[in-house]
Amino acid sequence: MNDAPLVEVRGLSKTYVMPERSLTVLDSVDLTIGKAEMISLEGQSGVGKSTFLHLLGTLDTPTTGSIHFEGRDVLTMPPTELAHFRNRAIGFIFQFHHLLPEFTALENVMMPALIGRISGAEAEKMAAHLLDRVGLGDRIHHRPSELSGGEQQRVAIARALMRSPRLVLADEPTGNLDQYTSQEIHQLLVELNEETGITFLIATHNHALASRMKRHLRVESSRIIETPTAGGPA
Amino acid sequence: MIAWLLVIVTLSGLGIAIEYQFAALPTEMSYHVMTALQLVAILLAVLLIFGFVSSLAIRGIGRLIRPRLLRSYTLFLGWNLLRSQQTTVTWRFRIGRWLDSFLPSEERLKVDGAWTALAGSGALAAVNLLPKWLPPTTTGGEAFLDFLCLSAAGIGVLCMLRTLLVGAALVGFITRQGPIQGDPPNRQRIAVTLPNFISMVGVGIGVWALIMVMSVMSGFEKDLRSKILATNAHVLVTPGKDILPEDVPTANGFTDLLRDIDGVTTVSPFLEEEAMISSPFNTSVNLTIRGIEPNGGTAKELATKLMLGDMEALATPAPRAPLKPTQDLSSTHFPGDGDLVMPPMPSPGNHSSATTPAPSEGVVLGSELADSLRVSMGSEVRLISMDGEIGPTGIRPRARTFRVIGIFQTGMYEFDLKLAYISRSAAQRFFRSPLEANRVEVRLSDPSNPRTTTHRIAQNLPEGMLVQDWQELNRNLFSALKLEKIAMFLVLGFIVLVASFNILASLAMLIQEKAKEIAILKSMGATNQGVMGVFLMLGLFLGLIGAFCGTLLGVACCVLIETVGVPLPAEYYIPTIPVDIHTTEVAAAAFSALLICLIATLYPSIAASRLHPVEGLRNE
Numbered sequence: 001m002n003d004a005p006l007v008e009v010r011g012l013s014k015t016y017v018m019p020e021r022s023l024t025v026l027d028s029v030d031l032t033i034g035k036a037e038m039i040s041l042e043g044q045s046g047v048g049k050s051t052f053l054h055l056l057g058t059l060d061t062p063t064t065g066s067i068h069f070e071g072r073d074v075l076t077m078p079p080t081e082l083a084h085f086r087n088r089a090i091g092f093i094f095q096f097h098h099l100l101p102e103f104t105a106l107e108n109v110m111m112p113a114l115i116g117r118i119s120g121a122e123a124e125k126m127a128a129h130l131l132d133r134v135g136l137g138d139r140i141h142h143r144p145s146e147l148s149g150g151e152q153q154r155v156a157i158a159r160a161l162m163r164s165p166r167l168v169l170a171d172e173p174t175g176n177l178d179q180y181t182s183q184e185i186h187q188l189l190v191e192l193n194e195e196t197g198i199t200f201l202i203a204t205h206n207h208a209l210a211s212r213m214k215r216h217l218r219v220e221s222s223r224i225i226e227t228p229t230a231g232g233p234a
Numbered sequence: 001m002i003a004w005l006l007v008i009v010t011l012s013g014l015g016i017a018i019e020y021q022f023a024a025l026p027t028e029m030s031y032h033v034m035t036a037l038q039l040v041a042i043l044l045a046v047l048l049i050f051g052f053v054s055s056l057a058i059r060g061i062g063r064l065i066r067p068r069l070l071r072s073y074t075l076f077l078g079w080n081l082l083r084s085q086q087t088t089v090t091w092r093f094r095i096g097r098w099l100d101s102f103l104p105s106e107e108r109l110k111v112d113g114a115w116t117a118l119a120g121s122g123a124l125a126a127v128n129l130l131p132k133w134l135p136p137t138t139t140g141g142e143a144f145l146d147f148l149c150l151s152a153a154g155i156g157v158l159c160m161l162r163t164l165l166v167g168a169a170l171v172g173f174i175t176r177q178g179p180i181q182g183d184p185p186n187r188q189r190i191a192v193t194l195p196n197f198i199s200m201v202g203v204g205i206g207v208w209a210l211i212m213v214m215s216v217m218s219g220f221e222k223d224l225r226s227k228i229l230a231t232n233a234h235v236l237v238t239p240g241k242d243i244l245p246e247d248v249p250t251a252n253g254f255t256d257l258l259r260d261i262d263g264v265t266t267v268s269p270f271l272e273e274e275a276m277i278s279s280p281f282n283t284s285v286n287l288t289i290r291g292i293e294p295n296g297g298t299a300k301e302l303a304t305k306l307m308l309g310d311m312e313a314l315a316t317p318a319p320r321a322p323l324k325p326t327q328d329l330s331s332t333h334f335p336g337d338g339d340l341v342m343p344p345m346p347s348p349g350n351h352s353s354a355t356t357p358a359p360s361e362g363v364v365l366g367s368e369l370a371d372s373l374r375v376s377m378g379s380e381v382r383l384i385s386m387d388g389e390i391g392p393t394g395i396r397p398r399a400r401t402f403r404v405i406g407i408f409q410t411g412m413y414e415f416d417l418k419l420a421y422i423s424r425s426a427a428q429r430f431f432r433s434p435l436e437a438n439r440v441e442v443r444l445s446d447p448s449n450p451r452t453t454t455h456r457i458a459q460n461l462p463e464g465m466l467v468q469d470w471q472e473l474n475r476n477l478f479s480a481l482k483l484e485k486i487a488m489f490l491v492l493g494f495i496v497l498v499a500s501f502n503i504l505a506s507l508a509m510l511i512q513e514k515a516k517e518i519a520i521l522k523s524m525g526a527t528n529q530g531v532m533g534v535f536l537m538l539g540l541f542l543g544l545i546g547a548f549c550g551t552l553l554g555v556a557c558c559v560l561i562e563t564v565g566v567p568l569p570a571e572y573y574i575p576t577i578p579v580d581i582h583t584t585e586v587a588a589a590a591f592s593a594l595l596i597c598l599i600a601t602l603y604p605s606i607a608a609s610r611l612h613p614v615e616g617l618r619n620e
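In order, the protein sequence lines correspond to chains A and B. Position one of the first sequence corresponds to residue 1 (the working numbering), numbered consecutively onward. Position one of the second sequence corresponds to residue 1 (the working numbering), numbered consecutively onward.
Think of the hints as simulated: they come from the structure by calculation, not from any bench. All of these numbers come straight from a predicted model, not from anything done at the bench. Just so you know, nobody snuck in bad clues.
If you want the footprint, here are the derived chain A segments under chain B, 3+ residues with CB under 8 Å: (1) 56-63; (2) 79-87.
Label pairs and their calculated CB-CB ranges: (3) 595/B to 122/A: 34 to 40 Å; (4) 513/B to 80/A: 24 to 30 Å; (5) 513/B to 75/A: 29 to 35 Å; (6) 196/A to 68/B: 30 to 36 Å; (7) 513/B to 164/A: 30 to 36 Å; (8) 122/B to 122/A: 55 to 61 Å; (9) 105/B to 196/A: 50 to 56 Å; (10) 125/A to 61/B: 23 to 29 Å; (11) 71/A to 595/B: 46 to 52 Å; (12) 67/B to 72/A: 36 to 42 Å; (13) 73/A to 61/B: 41 to 47 Å.
We put the CB at the ideal spot given by N, CA and C, even for glycine.
Whenever a hint applies, use it, and build me the whole structure from the sequences.
Right under this line is the structure:
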């Protein structure tokens with residue numbers, strides 16, 4: 001089982017059925033993602049990048065197809081097991097960071113560990129270490145509203161890494177940041193990939209970030225195609 | 001905490017001062033103003049007290065569960081969603097320079113605040129006390145007193161305003177002059193969000209009202225029970241319809257049969273009949289005459305309730321006042337035992353005569369009866385038995401004169417109006433009863449549980465005797481009280497029900513607002529049950545704190561009413577509002593509120609757990 005690819009997607013389709021018509025966002029997508037990869041996912045707005053990430057992260061269910069994670073079919077898992085799987089194996093980074101506003105940076109980062117029933121003291125220690133790693137060691141007791149956009153995204157990155165997942169799905173993590181802060185976040189993500197060996201699949205419009213990845217994917221006409229360079233043709 | 005206390009003290013002081021000032025003006029205007037002010041004061045007091053107690057409860061519960069909070073994310077999230085730091089931030093505003101000069105230095109806020117509150121309360125109290133201390137003796141003195149009172153009122157109001165300012169600064173509602181610092185990074189979560197606070201207050205008021213009404217009703221019931229038990233038999237023995245008079249034991253026979261039964265303390269056979277009573281001023285029908293042993297248990301019990309007189313006089317007939325020689329005996333002499341003719345009533349004051357009639361028996365009347373007959377100690381009254389003989393004009397009532405030798409007060413209007421006691425021998429002669437006693441009053445060592453002893457008593461008596469305990473005798477009364485209590489519980493429970501809808505609405509809104517956060521939680525691996533648990537916990541905390549505050553205030557108010565004593569008008573026949581706090585009732589009120597809150601939380605919690613994470617993330 002250890003030799004199996006990290007993620008194996010076969011014939012994945014997603015169709016939204018609306019009263020007047022149906023809309024196929026992804027159609028028969030086949031994809032294999034290996035361990036410790038750093039992959040960019042590009043495409044125009046609304047082509048289905050977020051949908052693909054949601055399907056991979058098991059937040060949504062496909063119309064057809066299968067997703068195998070380290071050889072296990074995740075779509076057949078019962079809801080509770082799926083939730084545990086998400087907690088253990090997947091980390092999410094969203095464009096608008098989506099931190100819980102009532103909680104401090106430390107508490108936000110601790111949250112996945114608390115959900116995973118890690119003891120409070122241990123979770124606090126791990127969260128403090130991760131926040132220190134992303135450069136926020138002195139802001140751990142600040143609430144999201146007291147942090148800048150870049151700092152908030154760093155907290156979100158720390159939160160995604162809290163349970164040492166095998167796959168981190170980032171949906172335009174720098175889409176809401178200025179160029180300088182974006183570069184800082186890019187650098188951080190690359191460093192974390194190298195340090196931890198965690199696979200990163202990053203949906204982005206930012207060619208600079210995409211060009212730093214070793215593998216490039218593009219969503220086009222409801223399909224995912226591999227491109228040799230960031231933003232380049234198939 | 002001190003700030004809340006200061007605010008409460010200040011407003012109470014102001015309220016009392018205003019009340020005193022307006023109460024002095026007996027005009028319609030002052031009545032309306034007073035009513036409006038009282039309503040505002042009650043509303044403010046409820047909000048302030050709940051603000052204070054809930055803040056206290058949150059801190060207390062927070063400290064208690066802090067070590068456990070991080071063990072479960074449902075508990076952690078539920079607890080933190082309950083509280084908010086927003087309240088202190090949005091209400092904060094900077095004071096102007098002129099107000100700033102009124103504030104003491106930062107270090108002396110608490111001490112100066114306390115002193116100012118004390119001085120203010122003293123000054124306002126002085127407004128009401130000065131006229132008593134310095135009664136104006138001259139014309140100039142009155143003006144001087146007015147000046148003193150006005151000055152004290154001015155000082156008091158200023159002190160109270162300053163206390164309010166200090167309290168607001170302590171709570172953090174206002175900040176001092178100076179450069180704007182921005183939000184401090186380590187704000188304390190000292191408050192709950194406004195919707196949560198409103199829900200909590202609703203639950204609390206419901207529980208508060210429930211506990212107070214239940215306790216007062218229990219107090220009335222307890223008072224009634226104690227009066228019934230003190231005046232009436234714990235177990236009453238009466239001859240049944242089928243028993244022959246010769247089979248009914250004598251008075252001594254009853255005593256011999258029952259006195260050795262376990263649980264029986266006293267056995268008092270007596271003769272009870274219905275009669276009329278009249279005095280020179282009034283007549284009363286439907287009177288119950290009890291012929292008792294002057295030295296028996298009932299007499300001893302009655303002696304404790306005597307306002308005037310002595311029970312020993314019941315045993316010895318008092319000599320009657322001599323009649324005037326000129327007076328026609330047929331018109332003044334009350335016919336004695338066996339007379340079948342009702343003579344006309346004498347006019348008052350006709351008893352100072354030289355002729356001495358036969359001594360009259362004594363009667364002990366209830367205070368209300370004595371009042372209604374307008375008689376007092378030593379007065380003569382006439383008892384009229386309806387069980388007369390048939391003559392040419394129909395039934396001729398039998399009448400006899402008795403002298404009032406005692407007046408008792410049981411505290412029960414019905415008893416004090418409808419009961420009179422004479423000696424058993426006099427009763428037997430007057431009613432011409434073949435029985436020495438047609439009732440036996442049995443008193444028990446434990447009247448709260450009379451069933452077993454009642455059964456033993458019945459076994460010791462001849463067949464045909466009816467044995468009823470006080471619960472059976474007063475079943476209708478206590479059933480009505482119980483029914484009334486249940487009805488009140490249900491009606492007041494609606495307050496909690498309405499409050500629970502408040503919780504339902506605020507949680508439903510919260511879930512709409514937090515759809516994104518719910519989606520994030522699910523993306524982090526929270527299960528549907530976990531998300532449901534978060535909102536259940538939130539509802540549980542709301543119910544718990546609301547019920548806790550309500551219980552605390554309810555019990556505190558009951559204890560206060562019991563200790564201080566709220567006087568009731570004389571017509572209620574109870575001097576002060578009786579309160580009897582039952583632990584089971586308090587627990588039932590708090591538990592039912594908690595249960596209703598939990599049920600109200602179920603629907604929004606299930607709705608939250610069913611939220612699709614992608615929907616939440618998409619609605620950004």
